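4 protein chains.
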Amino acid sequence: MDLKKSGHQKIDWVKKYMKVINSIKEKYYDEKPFKGKKISMSIHLEAKTAYLAIILKQLGAEVSITGSNPLSTQPDVVEALKDYGLNVYAEKTLDEGVYWKNIDKVLSQKPDIIIDDGADLGSRYIEKYDTNSLLGICEETTTGVMRYEALNKKGSLKVPVIAVNNSKMKYLFDNRYGTGQSTWDGIIRSTNTTVTGKNVVVGGYGWCSRGIALRAKGLGANVIVTEVDPIKANEAIMDGFRVMKMDYAAPIGDIFVTATGDINIITKKHFRKMKDGAILANSGHFDVEVSVKDMKEIADSIEEIKPGVEEYKIDGKSLFLLAKGRLVNLVNGDGHPIEIMDLSFSLQLEAAKYLLENPDQKINVKPVPDFIDNKIARIKLETMGIEIDTLSKEQQKYLNKGI
Amino acid sequence: MDLKKSGHQKIDWVKKYMKVINSIKEKYYDEKPFKGKKISMSIHLEAKTAYLAIILKQLGAEVSITGSNPLSTQPDVVEALKDYGLNVYAEKTLDEGVYWKNIDKVLSQKPDIIIDDGADLGSRYIEKYDTNSLLGICEETTTGVMRYEALNKKGSLKVPVIAVNNSKMKYLFDNRYGTGQSTWDGIIRSTNTTVTGKNVVVGGYGWCSRGIALRAKGLGANVIVTEVDPIKANEAIMDGFRVMKMDYAAPIGDIFVTATGDINIITKKHFRKMKDGAILANSGHFDVEVSVKDMKEIADSIEEIKPGVEEYKIDGKSLFLLAKGRLVNLVNGDGHPIEIMDLSFSLQLEAAKYLLENPDQKINVKPVPDFIDNKIARIKLETMGIEIDTLSKEQQKYLNKGI
Amino acid sequence: MDLKKSGHQKIDWVKKYMKVINSIKEKYYDEKPFKGKKISMSIHLEAKTAYLAIILKQLGAEVSITGSNPLSTQPDVVEALKDYGLNVYAEKTLDEGVYWKNIDKVLSQKPDIIIDDGADLGSRYIEKYDTNSLLGICEETTTGVMRYEALNKKGSLKVPVIAVNNSKMKYLFDNRYGTGQSTWDGIIRSTNTTVTGKNVVVGGYGWCSRGIALRAKGLGANVIVTEVDPIKANEAIMDGFRVMKMDYAAPIGDIFVTATGDINIITKKHFRKMKDGAILANSGHFDVEVSVKDMKEIADSIEEIKPGVEEYKIDGKSLFLLAKGRLVNLVNGDGHPIEIMDLSFSLQLEAAKYLLENPDQKINVKPVPDFIDNKIARIKLETMGIEIDTLSKEQQKYLNKGI
Amino acid sequence: MDLKKSGHQKIDWVKKYMKVINSIKEKYYDEKPFKGKKISMSIHLEAKTAYLAIILKQLGAEVSITGSNPLSTQPDVVEALKDYGLNVYAEKTLDEGVYWKNIDKVLSQKPDIIIDDGADLGSRYIEKYDTNSLLGICEETTTGVMRYEALNKKGSLKVPVIAVNNSKMKYLFDNRYGTGQSTWDGIIRSTNTTVTGKNVVVGGYGWCSRGIALRAKGLGANVIVTEVDPIKANEAIMDGFRVMKMDYAAPIGDIFVTATGDINIITKKHFRKMKDGAILANSGHFDVEVSVKDMKEIADSIEEIKPGVEEYKIDGKSLFLLAKGRLVNLVNGDGHPIEIMDLSFSLQLEAAKYLLENPDQKINVKPVPDFIDNKIARIKLETMGIEIDTLSKEQQKYLNKGI
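Going down the list, the sequences are from chains A, B, C and D. Counting in full-length UniProt numbering, the first sequence runs from 1 upward without gaps. Counting in full-length UniProt numbering, the second sequence runs from 1 upward without gaps. Counting in full-length UniProt numbering, the third sequence runs from 1 upward without gaps. Counting in full-length UniProt numbering, the fourth sequence runs from 1 upward without gaps.
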């Protein structure tokens, strides 16, 4: 009962700051573009994603939804969501069986469109189900896009995938500014330690990790970046950061954060070199970047010493792993800020609508069309009351003329 | 039961990162400098302050303690603290009567030393009690120091006051870096909104407020500062901020934060000009900077719409007041980061010890002696493994020689 | 005589910090890959570009060279360059006839490869000469690439063009960090005014202009960005800048800088609104961004009041135009920092070598191949003594595997 | 002839941006407060200081002036200054004899007031002359104030000294923002190397050096600070910088800058550890911070390889010393930005006027009275068109009331 009230409070709150999707909803409300369509969603189940699902329903869709990560599901939001007439199959759980059972329940509706976050939902559908009726998949994350591209390379991608992640209004904002703020929110909230004056080691210098590095610097840390890409490594240096191998960074770091999309960024040999009291967190999609497997293997003891913080005793030192190595911003916090998800979900909505209106897509992983990206950007400016210049005919002509 | 466990977890956690006070405790442990002495404390009652009280007890003192702010008391910490053999009189409450009754309970021990946060405890003692046995007061905050100085000006200060707040290792760190980080923690945690891209209006440009402005910038905000001091106003401009009257800032700001130590920074006329959805928070000691009184007078309705967030409907717009206008970092968060309080509380401990060892102080508000400030600074560097240069005789001589 | 000595000093100096191209030169020195080949160059004629030309000569090429901008040619460098056995046709001049005559002199050698900066050299060759023997053009700038792409769209591009500008080790570094530092060097050097505390208006938020904005912020300015692209406008906001129409920025700005690649960013109506004492500079390739034409039309008087600074009296106010609206970093300074040009010119060298070794390119504007980009990045890290991580097989496999 | 024209151009230019002193001059113009008074000045002789001297003359004073540093004197400004009817005794020279002869020429006027920069002028007067008629000295720099305080400690200070340096509108602005910008101007201008991506080692973390560190960070450097004061060391860490002994920093740094007011910050043992190509600069008052004496002792060769840059060959490596270890911002640049000196010189003018109007000062080194500091701050805000809030009676009362 209280759970449901809390869930409604959260949803009512995010609604106030999701001005872009509110503006889009208003425009489409009479038209009901998703009428008669079935949408399957797998997405971190908290208030903002809930609100996307609600709007899809309000614009006519039949929506089935589950959580994209076993630990990020918020039970109060799940309860509230049921009041809106959605089919919700989600539990906060570590039981993998339950996780996949919920995914199958969602998929059993035979969706017209899949909205995915990490590619578990869509790839399951492709592997196990008849995809005939499916118009396409909209994928939210870097990790998910990489997985669908791998499928495509193998020739197993049976439906078009819109890489929502690859649109500028997504990755330039969600990955960078969203991850940047929410990662530090998750870390600070669960540790109450200073960021200022700390040696922060950031694994990677892609959009997510550079957001994390940028905000660490903004919070007063001395930041070290590790990378495998020499160009990104040079960028990190030019941005004022130290760049080195994780081997060298391990004994220096006070706080480690990974966001690379790859496995084994921090492993056994690194843990052994770390300082007593080092804090470890991950903002990448899966819990494989800080190798929890390795930590478990070499730990003398493991104890959850406060919510979201586990103490691993290794070689007589204490290492503190946050959120079990899963997405620290979602598990130990409330995920990305509302206004950031507003952009990502507005893109999801428009991408889903685009698939509906352009059903004969080539089977491929493709970006959101530019006109959608620009449209979302313009609406966002409008909601902030910001006016920008427009190219005059003369200026347009000059750009095109060449010699 | 669970409450007590949670309290112990919190205290055990902060202990790990309070390395300076741990180092001091170790040094004094055999000596027990506070043996036979009674210390009365009024301080925000959460894990870090609890740990100071515990250490004072472990170094020999009889400690009575209450919360310095009715809303910042954490019940789990209160429960755990009782296990350590301290006299704890604290409740999270809005009942002023209860608040003062607890203060009187603490004072009834007839303290040798008072450790104060905001001057409620000490000024009550001066006003209502016989201060003969009291060696002095150690005051933590800007607000408290201002109040004791006012008492002194009136000739009513009966005991020496050590302005812990005025030592560099306090105000340069706690006020600036501590308030900077914890204020944004409190705001982000309770709103989940972006700071990046927002117009943030900071009331004041003293140490606290410049910490808030610095971190707002570090988090990507566009910061506006309001000030009454023309020199500080010029500094804010040179630091890249816009400076203007609150009148002009009111309609521009998305988030407002005050930390001035004065009243009525944001008042009726400002609320009326604000944007729908504006967020209001305060990090100053009392809930008088954002005039809650004014807000209540002109609001059509007031509702707590989620924990720590009240919606005030004013002229058809929604303004969101955080933490009822009280210290947002303490009420909506866990207060200053551990390592920052480690510095402040190490100063408190050393200041209390200094009063003990130098009982015949002039009645005055005086700073912590420089040697203590430097000592804490050196221990902090040691705990971080950082070595710095030392003046050579030649260099020392050059500095002294003049022509 | 002294002129020549000064030129040699400058070239000897840049040689010390161009470590990437030095490393490449060493590797190719015995091989002499450009032996028997003729290279025509048009490039800002100062020490760093001179050094590229010298190395091309040392690696076997016959080099003819002129300046890509009438005002950026440094006479002392021209004199010194002649000592190295290059054909130099360059004068610092405002006489357009002389400019084009020098270009024709260079082209008369019938080049195998053209190295261009702004597309004047290559497009002249395409228009007026027989391009049969030309293997291709390497173009340095955004502006030049846009011009060649326009030619290509019209079907008039007769040779392959390598868009050196579009390689990451160019635009991420030269355009952003190079322009950022050198623009402010040019402005500060010629005005001796503060940047800190000023309202700086940056026209555009492409790589060049965001470098300018980033450094303005780093120097303490309050930065306003104007844009026509809604996505870039949103990025600028998220980076903490104000974004508005130039119309609104005109009366606020203390210093205006443009770098858009387009015309008429600041025009008549803007000049009329500006503050007395406003400073105007451009870092875009051509002197058309701050409309000098418009300024001249409405000015009551124009006077060069100190080197590189002209006072335009407009409506009783003084506006100060730097470098006649031409590239302020080159005309009022020494251009991009050495280490930045080291990257760009290493790319030029490798791109030219690539054209030589792969003569049958499709006629098109194409990027530098990735392997060259990565190679330059790796050499740069080596010269700084920085080691980075390498993908393990396991990590590589994970990235490729998908589900 | 051309020299004189160039000097006038420079003075006319700075006049445009020295709005605070212009505003003060206007107010006092009819009154002529310095009428019949003799003012001796020793100050870096460039356009801004020249303008202060001119205004003093225009307000009635008889002014004799010399340069406070043998290398910072600009001959063109000297020539122009003579046109204004001042007694100018200054040459750009390394001849110490000439330097002191000029000082004596200035002092021979028997000044009523001395305006000093570094304490050479005033301490000479105290040592060698009859100081009876002297009302006092206004000292500009940290170094000078330290020297006068040392004199005072020895009981040899015969006249009151106003420590203009110690007023907030001086050291918070000139030392921090002024030194910060102008130091990097001097370094970039004479080297054309990147600051971004470099390891910059800053000697000290006082107001000057923290300005240098702040701007280095703003320009993209990775900054290392060395300090002897443990509190400042902690501040530097909290500001995100690395702090270490110069011993450890020596082999890491690409660019070294000192500004401590002490000797031997970088010495023999450090030079031997440095990287080939390291750049050394000083912004402290005297050329003793980077020990040029030590460099000379261990160098195999020394050569000025371009204006303002000397190559020292040490142990087979090249170290580049800028500006002969003297103030790099003045010797290799044009000194502090105009608007910064406008504040400092407005303080000088008001301090001199204060000495005149309050002739019976205690002999002491004392700060500029607060009312002057605030006055300058308010005029500065006015010139920028910035309005700030004012304390209401209610607010004033609250601040004073205590309990």
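Don't read these hints as lab results, they were simulated from the structure. Since this is a predicted model, take the numbers as computed values, not measurements. Hints should not be assumed to be uniformly reliable.
Copies of one chain are not kept apart here, so a pair can be met inside one copy or by any two copies together.
Stated by the list, open to error - Each computed DSS-like pair below joins lysine-lysine, with the alpha-carbon atoms no more than 25 Å apart: (1) K296 / K16; (2) K275 / K245; (3) K306 / K92; (4) K153 / K5; (5) K19 / K245; (6) K154 / K128; (7) K101 / K5.
Evaluated hints:
In this assembly of identical chains, K296 and K16 lie within 25 Å of each other by CA distance solely across copies; the values are 22 Å between and 43 Å within a copy. Taking the shortest Cα distances, K275 and K245 sit within 25 Å of each other both inside one copy (17 Å) and across copies (21 Å). Within a single copy, K306 and K92 get their C-alpha atoms as close as 18 Å, and across copies as close as 22 Å, so both meet the 25 Å cut-off. In the homo-oligomer, the alpha carbons of K153 and K5 never lie at most 25 Å apart, since the shortest distance is 46 Å inside one protomer and 53 Å across protomers.
Taking the shortest Cα distances, K19 and K245 sit within 25 Å of each other only across copies (22 Å), while inside one copy they are farther apart (43 Å). Taking the closest pair of Cα atoms, K154 and K128 come within 25 Å of each other only inside a single copy of the chain (17 Å); across copies the shortest separation is 50 Å, beyond that limit. In this assembly of identical chains, the alpha carbons of K101 and K5 never lie at most 25 Å apart, being 27 Å within a copy and 36 Å across copies at closest.
Checked against the numbered hints given earlier, this structure breaks hints 4, 7; the rest are met.
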